[in-house]
Amino acid sequence: MRARLLVLSLALLTTGCISVPHAPARGRTLNYTPRAATPPEGVDIASDERPGAFDPSPYSIAGSWPRQRFVRHGGARIDATKAASGAVGGGAQTGASPRQAVLDAIDEVKGTLDGVEGTFTKLAAHRPRALGEQSLNDDGLFSRFVEHGSAQVTWLRGGLGSATGLTEVASEVGDPDMELGVLRMTGPKLQATMFGTLLLATWVDFLQFSAAIIKHCFVCSDEKLFVDLHRVQRLMEPTLKDLESLDPERVEAAATAMPELMGKLTQEFAALQAQTRESMRVGEKVLTAAQVLEMVSMISTLKMSLPRLPPAAPVTLGMSLAMGSGGVMMGSRIVVSAEWVEMMRRLVQAGVISLPAVNAAVRIHGGQVMMAQAYQDLPQGVRDALGDSPEVRGMHVTGKAGAGMSEAPKHHVLPKEHREWFEQRGFKGDMDIDQFCVRLEKSQHEAIHGGGNWRLGRTWPGEWNRMLMKALSDAEVEAGRRLTRNAVLDIVADRMKDYRIPMNFVTGRRR
Amino acid sequence: MSDGAAWQGNIKARLYERVRERGYDSLTAFADARPAVPLFVLADELGNDVAAVQVLSGLLYEAERSRRVTRFVRDLLVRLLSQSLPDGWPAVMDDANVFKVAKALGSWSAYTPETHQERGRLAREALRANPPPAGWRPLGPDDELLRVLLPDEEA
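Protein sequence lines correspond, in order, to chains L and V. Residue numbering for the first sequence follows the numbering used here, starting at 1 and increasing by one per position. Residue numbering for the second sequence follows the numbering used here, starting at 1 and increasing by one per position.
I should point out that these hints are in silico values taken from the structure, not numbers from a laboratory. Hints are not guaranteed to be accurate.
Derived pair list, reagent style BS3-like, types lysine-lysine, alpha-carbon separation capped at 30 angstroms [said to hold, decoys possible]:
(1) L:215 with V:12
(2) L:264 with L:224
(3) V:12 with L:470
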């Protein structure tokens with residue numbers, strides 16, 4: 001396996017498919033992640049990469065994995081002993097737990113976001129010099145577009161922060177089922193930030209390209225460009241709003257519809273490129289259009305879906321994704337690495353992230369967004385690698401992904417009549433009692449709350465709320481002190497098991 | 001998948017069907033053959049569409065009929081203690097052990113039938129005042145200490 005990877009990485013290196021300058025210095029520890037260390041060199045650094053050449057960009061979520069993978073394997077001979085201590089994606093040793101998969105995923109999104117944020121900072125700082133002189137009615141429009149992007153970073157960081165917080169809580173909960181239950185609560189946040197970051201990286205590409213146009217294309221109309229940018233912004237707006245809501249249903253819908261949106265954005269970008277090329281062909285003498293276009297090194301997945309220069313059919317048309325030894329391949333390119341697929345498989349299996357969302361992510365990374373196939377599934381081989389099976393599909397019960405349970409009403413596990421009691425024991429914010437709702441069919445809900453005719457014994461009512469509050473308050477009497485949040489969760493977990501209430505928590509509404 | 005399956009269909013009929021399939025004519029006989037085993041383990045053995053509280057209610061029903069509810073309440077405590085404290089009563093009462101004892105006794109209180117709430121409360125009070133020796137691990141409802149704590153009064 002390793003030998004094969006080595007051969008493959010050598011092959012890719014020699015064919016120029018992996019950019020060598022990013023490889024870390026020899027002897028560096030293996031848990032070093034090169035991702036965020038090399039932000040793009042400003043807006044007008046000529047890219048020496050041919051368009052269409054595979055660049056596992058450090059800023060696309062899945063794109064950084066191939067590089068890490070090769071780095072890790074390439075360096076294994078040098079520093080094998082440190083491999084086990086790798087904090088990120090430490091492989092089989094640490095990677096087996098769902099918690100580690102969540103942490104890896106958070107780390108992955110964070111790395112991408114760092115890069116995106118770095119670019120925003122640069123865009124804000126190094127405003128195209130000619131901007132002020134050239135267009136008097138600009139009125140800081142370009143800056144506002146940049147600020148729009150920067151503003152998104154705030155909620156994305158917040159989402160990642162709260163997902164990290166939940167992971168910490170999960171690690172402290174003693175009961176393994178409850179740990180998984182709490183981990184699943186990171187799902188919507190993880191999913192929202194993953195897709196939000198993908199979208200933001202695309203916005204960065206639009207802005208970088210626009211900055212290059214403003215600077216170099218004197219015959220291009222700034223006003224026209226701003227109208228275009230505004231349109232793109234409006235295209236992204238509803239999806240960003242849905243993702244920002246962190247509401248599981250809205251996030252799920254936005255994520256699964258994202259390939260379609262990316263298709264539209266690809267068309268917008270291609271049109272912008274075409275217009276610029278045309279304008280420069282007519283009026284420009286100094287620089288050729290191709291030079292300017294190549295100056296922008298793209299960081300988003302757009303580069304996978306954009307038509308190659310010169311204009312041709314979309315690159316992905318008719319080319320399908322397949323599962324190879326290195327990951328999901330499109331032709332000879334790795335679209336997402338095998339490690340990324342494995343991480344996603346674990347997240348899907350643990351019910352943290354939904355399979356349709358992962359499908360959408362893979363398709364976006366593969367640039368399979370141009371065709372009218374918004375909800376089309378991935379090829380069987382890729383689906384198998386992601387662990388697609390009816391059981392797995394049923395694991396994630398939020399949104400439309402659940403197996404029949406998705407429409408069942410939500411109910412508070414921790415009785416909302418006692419909200420204050422729980423607040424006093426740490427159930428606040430991301431851990432408030434509204435986060436601990438479960439979907440129950442009517443008959444199950446009634447049975448648990450004293451209905452149905454399942455009771456044989458006459459003298460024990462077994463009504464959930466009363467039973468639970470008694471178990472908790474009498475435990476406090478026994479302990480002679482307030483229970484901690486984890487202690488409460490531990491007791492709740494045991495009692496849920498006794499009632500066979502699955503620990504698939506969804507967010508309910510505060511009334 | 002256990003999602004909701006335990007709460008569908010004829011719950012009582014299923015419970016007794018499973019018990020008979022395993023060669024017992026009552027839940028009590030089935031449970032007695034598995035002393036000091038947590039309720040959820042009993043339920044699992046009967047099927048993943050059987051819930052522990054259904055077993056509990058069935059055991060209580062049989063105890064009510066045979067007028068042996070006090071024995072049932074002792075049996076309940078034994079099973080909850082074995083779940084929280086599999087190695088017996090702790091020697092050192094650190095935070096973790098205080099919690100384990102509290103969880104078992106609090107849950108016992110929540111699962112105790114109304115008729116025995118007051119006696120249960122007194123028994124817990126007695127346990128707090130005079131904790132059992134370290135390592136105490138009752139193996140069934142007829143444990144000596146338990147019978148002192150909660151003696152039969154029916155019969």
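Against the structure, the hints:
| no. | hint | verdict |
| --- | --- | --- |
| 1 | L:215 with V:12 | violated, 78 angstroms |
| 2 | L:264 with L:224 | holds, 18 angstroms |
| 3 | V:12 with L:470 | holds, 26 angstroms |
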